[in-house]
Structure formats: C-alpha cells, structure tokens
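A.B. asks: Chains as they are written, first to last, in this note's numbering: chain C, 378 to 511; chain R, 2 to 130; chain U, 27 to 317.
Certain hints may be false.
Said to hold, decoys possible - Simulated crosslink set (BS3-like; lysine-lysine; CA at most 30 Å straight-line): (1) C:K511 / U:K81; (2) C:K511 / C:K382; (3) U:K170 / U:K69; (4) U:K128 / U:K69; (5) U:K224 / C:K511; (6) C:K487 / U:K250; (7) C:K382 / U:K170; (8) U:K159 / U:K69; (9) U:K224 / U:K81; (10) U:K303 / U:K170; (11) R:K37 / R:K9; (12) U:K159 / U:K44; (13) C:K466 / U:K250; (14) U:K159 / U:K81; (15) R:K109 / U:K141; (16) R:K109 / R:K9; (17) U:K69 / U:K44; (18) R:K109 / R:K37; (19) U:K141 / U:K128; (20) U:K287 / R:K109; (21) U:K128 / U:K224; (22) U:K287 / U:K303; (23) C:K511 / C:K496; (24) R:K109 / U:K250; (25) C:K511 / C:K466; (26) U:K81 / U:K128; (27) C:K487 / C:K466; (28) U:K250 / C:K511; (29) U:K224 / R:K9; (30) R:K109 / U:K303; (31) C:K511 / C:K487.
To be verified - Derived contacts from chain C toward chain R, CB cut-off under 10 Å, selection only: (32) K382; (33) M386; (34) E392; (35) A403; (36) E424; (37) G482; (38) R488.
Derived by calculation from the structure, the hints in this document are not laboratory data. By construction, the Cβ of each residue, glycine as well, lies at the ideal position given by its N, Cα and C atoms.
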Amino acid sequence: MIVEKDETMPVGNAEDVVRVRREVRAHAVGAGFSLVDQTKIVTAASEIARNTVDYGGGGTLHLATVRHGARRGVRLVFSDHGPGITDLKLALTDGYTTGSGLGLGLSGAKRLSSEFDIKSIPGEGTVVTIVRWK
Amino acid sequence: MEQIPILKIGDCLLVSIQVDMHDRLALALQDDLTSKIVASRARGVMIDISALEVVDSFIGRMLNNIAAMSRVLDAVTVVVGMQPAVAITLVELGLALTGVKTALNVDKGLALIRRLIDGEEDVFDRREG
Amino acid sequence: MPRKSETVLPSLIERRQKELLDAWLHSQRNSGVWTTEDESDTKSQSTRFLGELRKGAAGGQVEDIRAREWTGVRDLLEEVSRARALRGFTPSQTATFVFSLKEPLFTALREEVGKDAERLADEIWVATLLLDKLGLYTTEVFQKNREEVISRQQAEMLELSTPVVQLWEGILAIPLIGTLDSERTQVVMENLLQEIVKTGAEIAIIDITGVPTVDTLVAQHLLKTVSAARLMGADCIISGIRPQIAQTIVHLGVDLSVTSKANLADAFELALRRAGKSIVERAKSAKAQAE
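Chain C on its own, in the form it takes in the complex (with noise of 0.2 Å):
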C-alpha cells in the first residue's frame, strides 16, 4: 500500500468531529470516490470519531489517501488511550451501547467500510483502523 497524502489530527471534542467528517470528505474526492462512496466513508468516520471522543476520552486520527496497485483508497486510523474495550465481539454486534446511543457506531462504520480493523486492550486504549476503496 502506498501512501499518497496524510494528516493528524486530534479528535477530542465535538468541533473535532466536524473537521474530521470535512477532511475525510476531502480525501474521498480526491481519490476520485462516487458521491455515495464518499457519504459513507465520512459517515463512517463520525461513527468512529464520535466513539473516540465520547468513549474514549480523545485521541487522534490518522487520515491517509492510499493506493493498492492500481486501487485508490482512504484509510483512517483513530487511536486513543481511553478505558479499552473489554468484550470486542459484544461491542461489534447491532444495538450494543453503554451510553445512551444507538449502538450502531461501530459495527455500522465496520458496514460501511471495505476493511475494518479494530484492537483494544482494556485499560490501555484503542485502535480502529478503516480502509474504504473506490
């Protein structure tokens, strides 16, 4: 995978979530994504960030325009160092929240992605990485 273009920044609070969404939708359309592909991957991205903020405690994205051959992508990897989440596959199924939400975060982001990857360790933190391909 080749990185084309990335940027970090900090996804801590709700003005975050925004920039997120609008520098995820400018990645998609650099990549050349379709109108829909490029709603799903930023809705995606305020799914997972929203996650980072809420639950855990803030962190940072990691946003990259990727290409696998001749494949364009954007690839996201949120990081932080909240609580952890103790039962993965739990959290991974529809309707499961702690909070007040829907539950749909996470697993409607992992649907709205064409790779989704997630790693956490209770106590230490968080790591979602999602790649959507054009």
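Given the structure of chain C, go ahead and fit chains R and U onto it with the hints provided.
C.D. replies: What follows is chains R and U alone, placed relative to chain C:
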C-alpha cells in the same frame, strides 16, 4: 452560540438544517424545538434536511428524539428532503427512523402533516393500495 | 555480441534515415495493413519512430525497453497502438508496424557491416531482439486500450439500457433488462433514487420481468433501494417477480414489506390507486350507441 432558526407557519414549525451540526448544536436544537412546540401549541414539526450531506447515528437519534418528544406533545414530525446518498448510507448503517414520517420535499411534507393532523393517516401507517 | 554501447544502429539510422523510411513504408504497404487514407499518418508515425529509435539506441543499452531512454519510443508506440485500435486494426496488424521494419533494417545492416560476417550476425541479433520487444509492446498496449474501450462502451450501454420512465405524474418505472450484476444494480438503483428526487415521484415501480435470474446479492441491492426510497418519502413496487425469484427473496430472510405484483400492468394499476386515481370507461355517445 449559533442557533438553528425555527419558523412558524400556521400551526406548524419548520426547521431547515443548513449546516454540518456539531453535537452541542444538535442538542440545542432538540431543546429549542421542544420549548417552541409547547409555546406555540404547534401540531406539526417539519425538519428539512435537504442540505445535509451526512446523517450519522447521532443525528438519526436526534431526529427520533424530536419525533418522540413531539408525539408526547401531540404534534407530528415529518422529515423532508433526504438526499439519495444519505438514504442509501442510512440503510447500510442499519438506522431506522422510528415514528418519523418522511416526504420528498417541503410541499409534500406540509401536505402530509395536514393529513396526519386531520387523522386521515396514522403515523405508523404503511400505505396499502 | 557487441557490448550495449557498441551497436551501430544509432549511427546507421542517422545516416540512412531516408532510405530506411522509404523501404519501411514500402514494406508496410506490401503487408496490406494500411489504406490510402492512413498514408500521411503512417508516414509521420514512421518518421518519428525512426527518430525515437535512434535516440533510444544511442542511450547506451538496447535490452531493457522499459528504461528511461526508451520512453520516447514507448510513448509513440502507445499513440500508434491506440489510434489503430480505434480504427479496428487487429493486434497483429498493429505489431506489423514494428516488425515490417526488420527487412529494411537488416538490408541496411548488411550494406553497412556485411564484410564482417560475425559482426553482421551480432548486429542483426541485437536488432531483431529489440524489434521483437517493441513489437510485443504494441500488443500489450493494444490489449490495455481495447479493455478501456470496452469498459467505456459498457458504461454507455448501461446508461442506455436502464432508463427511468415516468408512467404518470408522480409514478416512475424502471424496467430492468438482462442479467444484473452487483455493480450495475447499484448504479441503476442510485439513478432511480435521483430521479425520484428530481421528479418528486412518490411511487416507483421496479420491473424485473426482463431479468432471468436474480442472485442474493442483487436481491439485497433491490431491497436496500426500496428501503432507501422509503426513507426518502417514496414507495416502491416490484413487478415481474417469478416464483424462483420470490424464493430467493424469502430465503434472504428479510422482512418482505415490499409490495410486489406479477406484472407491470398490475403494478401500474396499484400505483394509480395509491395516487388516488382511477381509470373509467368513457360513456358511449348516443350516436355510437345507436350503431
């Protein structure tokens, strides 16, 4: 802090969301609407999301909350102008808008509110032939 | 084998440019790969090729045609290949552009270094290997171009073959024809949703009478489209469902809250009813009744 304007048209309240809202703004809108429904004794609430390019689960929850609160206050909620890309994404996301009726545009939205208030249609109706 | 930098090719081409060109054009004409209307194009392409070939060979090595010094030659060959693909030439005919240079080149080489038999053999070997590689390169490029043309044509056919029609005010229909693959279905469905917004139609009929098989993936896309339309404020009716297709949808285990009708006519009638319209027979005029 910025506020999202709420207009009164007859016995309806109309909200047009033009900006990419951050969470605090969305919550403020919820509160604002609830107070105005009571103050104006509105029977219908129309939320125009034709300018929204992204509707995630938080906004979805906000819409559901608004619908639930207005129902308690004897008002109906209609969401209009959802963009195709947003609709497709919401389906993929698995988000269901419960208790929220939808219409393609403001005109049809107002007509729908009229039908709902006059009792010609139920909020949980699935249109049959 | 002459060391890379020692081949006589660059100087040969420089000195004998005109006669090589004439002989080559003659050879191309004889192989029957061009018509009179191609004449000036071919002449200019051949002239440029010789120039680029000389530059490339003068670059120091003649084995790796992907190296930088051969970029000029490759670019030109891509241009020739693309032009010929568009004109309907076969890959072989296109490669002949390069291969037909062999005979004139060998003739020139014989005249130049013929006295030294071993040297001549080496030079001919170098020249033939080089032209083989370049000829094969044109076929590679040809293939790639053909694939691009085909996929562009496919996209155009896709647009033509699935138009959204307005059956009545507020009622749209999209008759799907032929086999549906996942990508095509998605494009078509997005198109339908956009038309719904554009026309403000509250009812859309998706007719699959002309679709022989619907696999689970396509069925999922159809149902997702129906859900999306409903979220937007419109309703869909699926028509033309055959028993096998109905089975596929049931096996999906999805809540079948989509109204479906066996044929388009029934679906249209239902749509009219939902839109609050009905079709009535006109009363016969007195004159007609008297007949």
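A.B. asks: The structure should be examined with respect to each hint, and the outcome stated for every one.
C.D. replies: Status of each hint after checking the structure:
Of the pairs offered as hints, the one joining K511 (chain C) and K81 (chain U) is violated, with about 40 Å between alpha carbons and a cut-off of 30 Å exceeded. Using a Cα cut-off of 30 Å, the hinted pair K511 (chain C) and K382 (chain C) holds, with the two alpha carbons roughly 16 Å apart. With a C-alpha separation of about 25 Å, the suggested pair K170 (chain U) and K69 (chain U) falls inside the 30 Å cut-off, and the hint holds. Annotation: proposed proximity of K128 (chain U) to K69 (chain U) holds, straight-line Cα distance about 17 Å (limit 30 Å).
Taken as a hint, the K224 (chain U) and K511 (chain C) pair is honoured in the structure, with Cα atoms around 26 Å apart against an allowance of 30 Å. Restraint check: the Cα-Cα separation between K487 (chain C) and K250 (chain U) comes to about 17 Å, which is no more than 30 Å; the hinted pair holds. Between the alpha carbons of K382 (chain C) and K170 (chain U) the distance comes to roughly 28 Å, so the proposed pair stays at or under 30 Å and holds. Restraint check for K159 (chain U) and K69 (chain U): satisfied, since their Cα atoms lie roughly 22 Å apart, inside the 30 Å limit.
Our distance criterion of 30 Å between C-alpha atoms is broken by K224 (chain U) and K81 (chain U), whose separation comes to about 58 Å. Restraint check for K303 (chain U) and K170 (chain U): the C-alpha separation of about 54 Å exceeds 30 Å, so the hint is violated. A distance of roughly 9 Å separates the Cα atoms of K37 (chain R) and K9 (chain R); the hinted pair therefore holds under the 30 Å criterion. Between the alpha carbons of K159 (chain U) and K44 (chain U) the distance comes to roughly 24 Å, so the proposed pair stays at or under 30 Å and holds.
Distance hint between K466 (chain C) and K250 (chain U) is fulfilled; the C-alpha atoms sit about 26 Å from each other, no more than 30 Å. Taking the CA atoms of K159 (chain U) and K81 (chain U), the gap is near 17 Å; set against the 30 Å cutoff, the hint holds. Distance check on the hinted pair: K109 (chain R) and K141 (chain U) sit about 93 Å apart at the alpha-carbon level, beyond 30 Å; violated. With a C-alpha separation of about 17 Å, the suggested pairing of K109 (chain R) with K9 (chain R) holds against the 30 Å cut-off.
Taking the CA atoms of K69 (chain U) and K44 (chain U), the gap is near 12 Å; set against the 30 Å cutoff, the hint holds. Among the hinted pairs, K109 (chain R) with K37 (chain R) is consistent with the structure: their alpha-carbon atoms are about 23 Å apart, no more than 30 Å. Using a Cα cut-off of 30 Å, the hinted pair K141 (chain U) and K128 (chain U) holds, with the two alpha carbons roughly 20 Å apart. The straight-line distance between the Cα atoms of K287 (chain U) and K109 (chain R) is roughly 26 Å, inside the 30 Å bound, and the hint therefore holds.
Between the alpha carbons of K128 (chain U) and K224 (chain U) the distance comes to roughly 61 Å, so the proposed pair goes past 30 Å and is violated. Using a Cα cut-off of 30 Å, the hinted pair K287 (chain U) and K303 (chain U) holds, with the two alpha carbons roughly 18 Å apart. Using a Cα cut-off of 30 Å, the hinted pair K511 (chain C) and K496 (chain C) holds, with the two alpha carbons roughly 25 Å apart. Our distance criterion of 30 Å between C-alpha atoms is met by K109 (chain R) and K250 (chain U), whose separation comes to about 23 Å.
At most 30 Å may separate the alpha-carbon atoms for a hinted pair to count; K511 (chain C) and K466 (chain C) meet this at roughly 28 Å. Restraint check for K81 (chain U) and K128 (chain U): the C-alpha separation of about 18 Å stays at or below 30 Å, so the hint holds. A hinted pair counts as satisfied when its Cα atoms are at most 30 Å apart, and K487 (chain C) with K466 (chain C) qualifies at roughly 13 Å. For the hint linking K250 (chain U) to K511 (chain C), the alpha-carbon distance of about 20 Å falls within 30 Å, and the restraint holds.
Taking the CA atoms of K224 (chain U) and K9 (chain R), the gap is about 27 Å. The hint holds against a cut of 30 Å. In summary, the hint linking K109 (chain R) to K303 (chain U) is supported, as the alpha carbons are separated by about 17 Å, within the 30 Å threshold. Restraint check for K511 (chain C) and K487 (chain C): the C-alpha separation of about 16 Å stays at or below 30 Å, so the hint holds. Of the supplied interface hints, the one on K382 (chain C) is violated, with its beta-carbon coming no nearer than about 22 Å to a beta-carbon of chain R, more than 10 Å.
Checking M386 (chain C) against chain R by beta carbon gives a least distance of about 15 Å; that is not within 10 Å, so the hint is violated. Because the smallest distance between the Cβ of E392 (chain C) and any Cβ of chain R comes to about 6 Å, under 10 Å, the interface hint for this residue holds. Evaluation of the A403 (chain C) hint against chain R yields a violated restraint, the C-beta minimum of about 13 Å exceeding 10 Å. Using the Cβ-Cβ criterion of 10 Å, the hint placing E424 (chain C) at the interface with chain R is satisfied: the shortest such distance is roughly 6 Å.
At a threshold of 10 Å, the smallest CB-CB gap from G482 (chain C) to chain R is about 6 Å, leaving the interface hint in force. For R488 (chain C), the shortest C-beta to C-beta distance to chain R is roughly 5 Å, which falls under 10 Å, so the interface hint holds.
Of the numbered hints given earlier, the model fails hints 1, 9, 10, 15, 21, 32, 33, 35; all others are met.
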